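Read off the chains here:
2 protein chains.
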Amino acid sequence: MAFDTEQEPGMTESVAPETRGFRLNHCMLRIKDPERALAFYSQVFGMRLLRRLDFPELEFSLYFLARLEDGKTPPEDESQRTEWTFNQEGILELTHNWGTEKQADFSYHDGNSEPQGFGHICFSVPDLDVAVRWLDDNQVPFVKRPDEGGLKDVAFVTDPDGYWIEVIEPARLSGMGRR
Amino acid sequence: MAFDTEQEPGMTESVAPETRGFRLNHCMLRIKDPERALAFYSQVFGMRLLRRLDFPELEFSLYFLARLEDGKTPPEDESQRTEWTFNQEGILELTHNWGTEKQADFSYHDGNSEPQGFGHICFSVPDLDVAVRWLDDNQVPFVKRPDEGGLKDVAFVTDPDGYWIEVIEPARLSGMGRR
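From first to last, the protein sequence lines stand for chains A and B. Everything in the first sequence is counted per UniProt numbering, starting at 1 for the first residue and increasing by one. Everything in the second sequence is counted per UniProt numbering, starting at 1 for the first residue and increasing by one.
Rather than coming from a laboratory, the hints here were simulated on the basis of the structure. In this text the structure is predicted, and so the values were computed from the model without any measurement. Misleading hints may appear alongside valid ones.
Note that the list lumps identical chains together, so a pair holds whenever it fits in one copy or between two copies.
Okay, derived cross-link-like pairs now, DMTMM-like style, lysine to aspartate or glutamate, Cα gap no bigger than 25 Å in a straight line [what the hints assert, rightly or not]:
#1 LYS152 - GLU89
#2 LYS102 - ASP70
#3 LYS102 - ASP127
#4 LYS144 - ASP54
#5 LYS32 - GLU114
#6 LYS72 - GLU89
Produce the complete structure using the sequences and hints provided.
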């Protein structure tokens with residue numbers, strides 16, 4: 001039998017047909033200030049806003065962001081674009097609970113200090129050195145530069161809410177974590 | 001000019017060329033017990049393990065999971081597969097700090113109780129009613145069924161660590177959150 005994927009205790013041997021068409025659509029983070037977050041993710045990571053959805057009765061808005069390369073174009077019609085957005089993979093959803101941007105002492109929990117849980121999102125980049133210069137040019141705060149700490153060639157920066165963003169160059173990590 | 005994407009305060013008008021090739025590779029969650037988490041994500045959501053990486057000196061392991069449809073096949077060679085994994089989009093990374101699985105009272109924070117931050121991951125599915133039956137067949141705990149609460153046609157379940165997973169059917173949400 002040809003190589004499939006890795007087997008570890010717990011993994012099913014095959015994929016149940018009941019899961020056909022399931023897609024990992026997004027990961028959601030709450031943000032304090034949408035203007036600040038959109039400025040960061042569009043400027044620094046080149047993300048585009050696929051869709052903003054408002055829920056006035058629940059007093060929140062959702063922002064769905066993605067990298068749009070490979071000529072992907074969302075439909076102009078709003079209903080079609082909403083459906084298209086939910087059919088994608090690997091989107092970043094930002095949730096804004098209205099009013100938090102006006103509370104001076106309001107902040108969200110990044111998941112890396114206690115209590116821990118969520119860790120980070122990660123962008124892979126074609127050239128880590130070039131990306132680090134770009135992040136510095138944009139005054140993005142580093143948690144860890146590629147040559148610091150135990151994990152070489154892995155950088156961590158923070159977004160305006162303090163969430164960690166890992167930045168890696170795949171070709172430089174091919175020997176990582178081998179058994 | 002043709003429709004591009006949505007403009008909101010903060011969004012740059014265009015994508016900086018310095019971000020070419022950037023990919024949103026993954027979202028990372030810490031898990032207590034890898035066998036339990038892998039059993040859940042492979043059985044219930046049909047995910048495959050692209051790569052496990054071990055860091056003995058730091059006492060943790062990483063598990064990179066993805067849906068593999070559309071005939072995508074990771075390379076068999078381990079180094080190539082690591083690099084291939086980091087070149088994908090929309091992967092789920094699970095981090096296991098060794099030994100937590102043996103601590104009876106150990107658990108991670110889901111981000112939805114205080115202090116809030118990370119919210120959930122989301123799978124889109126072809127048919128929400130069929131997916132709900134599948135989730136029930138697998139005894140997956142619901143936070144919210146599609147007909148409960150303010151957001152109709154949106155389900156939330158929990159994974160074995162208590163992280164929330166949203167489950168949606170894109171075609172049923174096309175009118176959602178319109179201004």
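As a check of your reading, is LYS32 near GLU114 (CA-CA no more than 25 Å) within one copy, between copies, both or neither? both (20 Å within a copy, 15 Å between copies)
LYS152 and GLU89: within-copy, between-copy, both or neither at 25 Å Cα: between (29 Å within a copy, 22 Å between copies)
Should LYS144 paired with ASP54 be assigned to within, between, both, or neither, using CA atoms and 25 Å as the limit? Answer is between; shortest inter-copy Cα gap is 20 Å, intra-copy 36 Å.
Measure nothing new, just compare the shortest in-copy and cross-copy C-alpha distances for LYS102 and ASP127 to 25 Å and report within, between, both or neither. Neither: 38 Å inside a chain and 40 Å across chains, both beyond 25 Å.
Are the CA atoms of LYS72 and GLU89 at most 25 Å apart within a copy, between copies, both, or neither? both (12 Å within a copy, 14 Å between copies)
Could you place LYS102 and ASP70 in one of the four classes (within, between, both, neither) given a Cα distance threshold of 25 Å? neither (38 Å within a copy, 45 Å between copies)
Hint violations for this structure: numbers 2 and 3, all remaining hints satisfied.
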